[in-house]
Each structure stands twice: as C-alpha cells, then as structure tokens.
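Q: The residues making up each chain are set out below.
There are 2 protein chains.
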Amino acid sequence: MEIAFAGSRLDRADHIRSDSERLEQLMDWRARLLRLDGLDPVVTPENALDWGTIADADPASELVFLGLIDGRGCFAEVSAQLIGSMAPPNPRLWAAMAALSAEDLATYGAARSLVDWHARHRYCARCGCPTVLAKGGWQRTCTGEVCLAEHFPRVDPVTIMLVEHGDNLLLGRQPRFPPRRFSTLAGFVEPGESIEEAVAREVLEEAGVVVRSVGYVGSQPWPFPSSLMIGCHAVAEAAELTIDHTELEEAAWFTRAEVAAAMRGDDDARFIAPPPHAIAHHLLKWWLAR
Amino acid sequence: MEIAFAGSRLDRADHIRSDSERLEQLMDWRARLLRLDGLDPVVTPENALDWGTIADADPASELVFLGLIDGRGCFAEVSAQLIGSMAPPNPRLWAAMAALSAEDLATYGAARSLVDWHARHRYCARCGCPTVLAKGGWQRTCTGEVCLAEHFPRVDPVTIMLVEHGDNLLLGRQPRFPPRRFSTLAGFVEPGESIEEAVAREVLEEAGVVVRSVGYVGSQPWPFPSSLMIGCHAVAEAAELTIDHTELEEAAWFTRAEVAAAMRGDDDARFIAPPPHAIAHHLLKWWLAR
Numbered sequence: 004m005e006i007a008f009a010g011s012r013l014d015r016a017d018h019i020r021s022d023s024e025r026l027e028q029l030m031d032w033r034a035r036l037l038r039l040d041g042l043d044p045v046v047t048p049e050n051a052l053d054w055g056t057i058a059d060a061d062p063a064s065e066l067v068f069l070g071l072i073d074g075r076g077c078f079a080e081v082s083a084q085l086i087g088s089m090a091p092p093n094p095r096l097w098a099a100m101a102a103l104s105a106e107d108l109a110t111y112g113a114a115r116s117l118v119d120w121h122a123r124h125r126y127c128a129r130c131g132c133p134t135v136l137a138k139g140g141w142q143r144t145c146t147g148e149v150c151l152a153e154h155f156p157r158v159d160p161v162t163i164m165l166v167e168h169g170d171n172l173l174l175g176r177q178p179r180f181p182p183r184r185f186s187t188l189a190g191f192v193e194p195g196e197s198i199e200e201a202v203a204r205e206v207l208e209e210a211g212v213v214v215r216s217v218g219y220v221g222s223q224p225w226p227f228p229s230s231l232m233i234g235c236h237a238v239a240e241a242a243e244l245t246i247d248h249t250e251l252e253e254a255a256w257f258t259r260a261e262v263a264a265a266m267r268g269d270d271d272a273r274f275i276a277p278p279p280h281a282i283a284h285h286l287l288k289w290w291l292a293r
Numbered sequence: 004m005e006i007a008f009a010g011s012r013l014d015r016a017d018h019i020r021s022d023s024e025r026l027e028q029l030m031d032w033r034a035r036l037l038r039l040d041g042l043d044p045v046v047t048p049e050n051a052l053d054w055g056t057i058a059d060a061d062p063a064s065e066l067v068f069l070g071l072i073d074g075r076g077c078f079a080e081v082s083a084q085l086i087g088s089m090a091p092p093n094p095r096l097w098a099a100m101a102a103l104s105a106e107d108l109a110t111y112g113a114a115r116s117l118v119d120w121h122a123r124h125r126y127c128a129r130c131g132c133p134t135v136l137a138k139g140g141w142q143r144t145c146t147g148e149v150c151l152a153e154h155f156p157r158v159d160p161v162t163i164m165l166v167e168h169g170d171n172l173l174l175g176r177q178p179r180f181p182p183r184r185f186s187t188l189a190g191f192v193e194p195g196e197s198i199e200e201a202v203a204r205e206v207l208e209e210a211g212v213v214v215r216s217v218g219y220v221g222s223q224p225w226p227f228p229s230s231l232m233i234g235c236h237a238v239a240e241a242a243e244l245t246i247d248h249t250e251l252e253e254a255a256w257f258t259r260a261e262v263a264a265a266m267r268g269d270d271d272a273r274f275i276a277p278p279p280h281a282i283a284h285h286l287l288k289w290w291l292a293r
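Here the protein sequences come in this chain order: A and B.
In terms of my numbering, the first sequence is numbered consecutively and its last residue is 293.
In terms of my numbering, the second sequence is numbered consecutively and its last residue is 293.
Keep in mind that the hints are not guaranteed to be accurate.
[What the hints assert, rightly or not] Quick list of in silico lysine to any residue cross-link-like pairs, SDA-like style, CA-CA up to 20 Å:
# : chain 1 : residue 1 : chain 2 : residue 2
1 : A       : K138      : B       : D159
2 : B       : K138      : A       : F191
3 : B       : K138      : A       : E208
4 : A       : K288      : A       : A255
Simulated from the structure, these hints should not be mistaken for lab results.
Everything numeric in this text was worked out from a predicted model, so none of it was measured.
Full structure from sequences and hints, please.
A: Take a look at the structure:
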C-alpha cells in the first residue's frame, strides 16, 4: 500500500547515537540543519525541505541527530521558543506538506515528532527533576541523582479500520472534521490489548458494531504528534449502528459507488474523502481496488 | 494466531471512565480489587487471579478502573510502596503466570501495565509539577495551574520478525537470555517510520541483512512494562550476517528441522525455543505450520 510520511532517505544510524565522539565529529561544517518554522517545514522555491548548517542554530537550542543522508549528519533544533509551548495548528501546514516529495515529507515527519517530543518532555515523569538530552536526541536522562531514569521518544499505536458489511463500508465524522468529510473509524491501542482487540473495541464503542475477521492492511507514521497508524479491515456482524455521540458526530454505511465518487472528488459525491496524507485515503483506495 | 496476554473478559467500559458519578457508584461493596504482590499476580489455590473488595485497599492508594466483569467494577491499586520504585524482576513471576488461564493472564497483563505506568508517571513531563489520576486511571492531569497537561498511559509498539532465507530462519540471542535460548529479532518502532520500515531497519542494524516483502502475522500485548508486539515476516535478500554485538550475542540461520526440534523441546535440539508467553513462540509455530 502506498502511504505518506514513509520512505525517508535518512539512515537513522543507531550506532552513532551512543557514540559521542563520532556524533561530535559529524557536527562540523558539512552537517545539515533542518529549517523549521516552529514545528512546520520551511519549503524552498524548488518545493524541497530547506536545510542550513548547524552554525545557523541558536547556541541555546538542543540539537537532535536525525540520521545521515549521503553520509552527512542531519540535525534539527529544539529551540527555546518551542519548549513547553503548544503551537496552534497552522492552516498553511497542509499546503506546505503537499508541496514536498514523499521522501522529504517522511524526513520532515520524523523530525517533527522528535523535536516536538523534546519540547514537551523537559522533566522526569518519575521524580519531577529536569531531564537532559542524551544519545543524539533519542533519549532524555533525568538529572535527579537518585533517579537517573531514562526516557525515550514516544510512539502511540492507533488502529484505523475499514469495517465492511456486505458491500458497504462504515465511515464516521468527528466534530472537528471539515464539512462533509467522512473517514474510517480510529482509536488508540490501550495497554493490555492486541491490535485485533483494539479494532473490535473501538468499533463497538464508537458505532455499536460487533466485528469479526480483523485483518491487517498497512501502516503509516503520523507526526501529530507521534502516532503509528495501523490500518486494518474487519467484517461487521450486523448493520445496525449505535453511535457514541461524544466521539462521532455521525456514522453511516456507504456503498462502493459512493466511496468511489468521493475518492474521485465528484461534486455530487455523498461525502468528501480523507486527503492523501492520511492512511484512511489509502485504505479506501485499497478497499475499492479489492 | 493464538497468543498470550490477549482475550481478557474485561469490558473496558470507556464511557464510564469520564463519568465520575457512575464511577463512584461502581466503587461499592460489589466492586472487586485485583490483589497484586508488588506488580506480580496473587494466584489462588484454584490457579485464578485473586480478587478482594475495594475495602481492602490502602486509603492512601490510587485506584484504577480496569473495567467491568459480569457488570461488576474491577479495580487495581497503585500503592504508595510501588510509586517511583523499580521492582527487581521476580523469578517466580513466570511460574505464577503459567498457572493462570488465558483470560486471567490477559486481565493481569492489562492491570500490570496500567498500575506500573501510574507508579512511574507522578510528574508532568512538560512542566515538572505533580500530576493526579483522572478518568478512572486512564489519564493523569498536571496540577500546574498554567500547564494542566493531560498524559495518557503509554503503549510502545515493537516489531518482532521471522526473517527467512530459502527454508532457513534467522534467530538471535540477547546477552540477557537464558543459556541456549534463541528467538526472533525485535526492536521498538521509532517516530517517523512505518511498521514495515521498522522491521527492515532492525534486521539491517542487528544482523546486517537486507529484507523485502515484509508482511504482518499477528500482535500481542506484552506488559513489561507496556509493549505492543507486532509480529511480522520478511524475506532476506542474502544469507550473509554482520552481527551488531552491542545488541546480539549471536545470530544464525536455523533449518526447519532445527526449529521443529526446539519447539518440541528435544534434548538435543540446537537451541531452546522462546516460551509460550512470548509472541516469538507463536511466530515460530506459525512458520512451521506454513
């Protein structure tokens, strides 16, 4: 399945992260610094990610090591302005991302998740002491002398599912969606459940539908802030819906023709399909192609 | 695929978590409290989880709402002794878990992950202020007046993979394994990568092997402390190994007959297979059955 936010050329070079000498050597004039505007990408006139040198970084910033591209160290900056802030969503972000190549979009997504994690994880959750960046930004370590807990960037697994009944597909809309947008149901995997159990629980909670035959379709990283979208399909036992209106504004069954019209972008389509950045878009495409 | 730590009878009853009145009502004499010894299960003579009533809880403890079984509220205790502690691994834990039914084991795993998360997440990672339990234990909220950040139980996705070359399987051993144990390679999914990319990166990092055709096999929650194991298979481009000895003590290719002998527990098997609690066991079984 073709997806967005995957396919970066970054070699994550895990062995370098713990090798402070090697990391130091990489931080010379050849090293590249990803230009960010807050957490958003800076896009060149050629529609590429904009890279500077690490000399451009504010000396007060933390630098995270993204990995190597063509043997050169690639870094991003956790600036003082970002720390502890909750940036309001930027409406131009989606246009900027749409301009980028698939490779650049994936590199940007990885950098965004990592920088955002550092900006929001300044203190030790165990003891409350300040933490410091370690292993090139792939760890933060507690400075409390008796604690010294190690913290790692967080990735939140989310199930997102095509639910079929006969030749119809279950789609819902969240209150925050743009007008007429419908998409596949989704929800975070909780401690103590498998992917398959999380799919069944979410569909039952949100739409009152019992499912069987849960299968895996594909996955995609989603850097808002750092989810792993796990695309599945499942078969509904019955078509009756009991919608949880705290989660969903609406949910309904859509025919194959209705989904196809929405994916073509027909003016008179019953709904507006999720955009190509979202795994939901590719799940719908996969379902139509079956 | 049959797996451990899934199949709990708990109804997680998400709608009750945010309904403090309903939650209060559930905490009466009928409510059940899961007995834990530190983080380990207390097992009855009938080899079941031991449940008391919430009157048994220390008034200083936090209580987390696990869900409903047969309509009764099920809770677990985050005791003062657990908070901030790092319990040493208990060698009897595995025997205790082996005595439990699949359903009880899954309930225990979910409770253990959740209780452990509360014990190690007392402070706000964003601002360092203390946090308090919210939504029946499915959230902690910062008490800092300007912050009020919401924190959610963490689940860490981990890829674990069958890597094939011809009719041989790649297995490795970590230094901490018991003698002669080999298992499938595994590693955490990082921010900005898909499941398929994480599989390819881990196999390349740990064994120097390039893989293609990554597919999904099955998933399992793993409550040490709170992983989501994502079982995959992949095909190696070549058999040559370059082992990363910081990660693996050894890695090698095993024939189908050698894997079958280990899974049967033959005395003269080339290695000792992973135990049934681990998804690796079921991945090997799945591979043999193909």
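Q: Between the alpha carbons of A:K288 and A:A255, is the straight-line distance 20 Å or under?
A: 18 Å, holds
Q: Straight-line Cα separation of A:K138 and B:D159 no greater than 20 Å?
A: Holds, because 19 Å separates the two Cα atoms, which is no more than 20 Å.
Q: Check whether the Cα positions of B:K138 and A:F191 lie no farther apart than 20 Å.
A: 16 Å, holds
Q: Given the hint that B:K138 pairs with A:E208, test it: the Cα-Cα distance must not exceed 20 Å.
A: 16 Å, holds
The earlier numbered hints are all upheld by this structure, with none contradicted.
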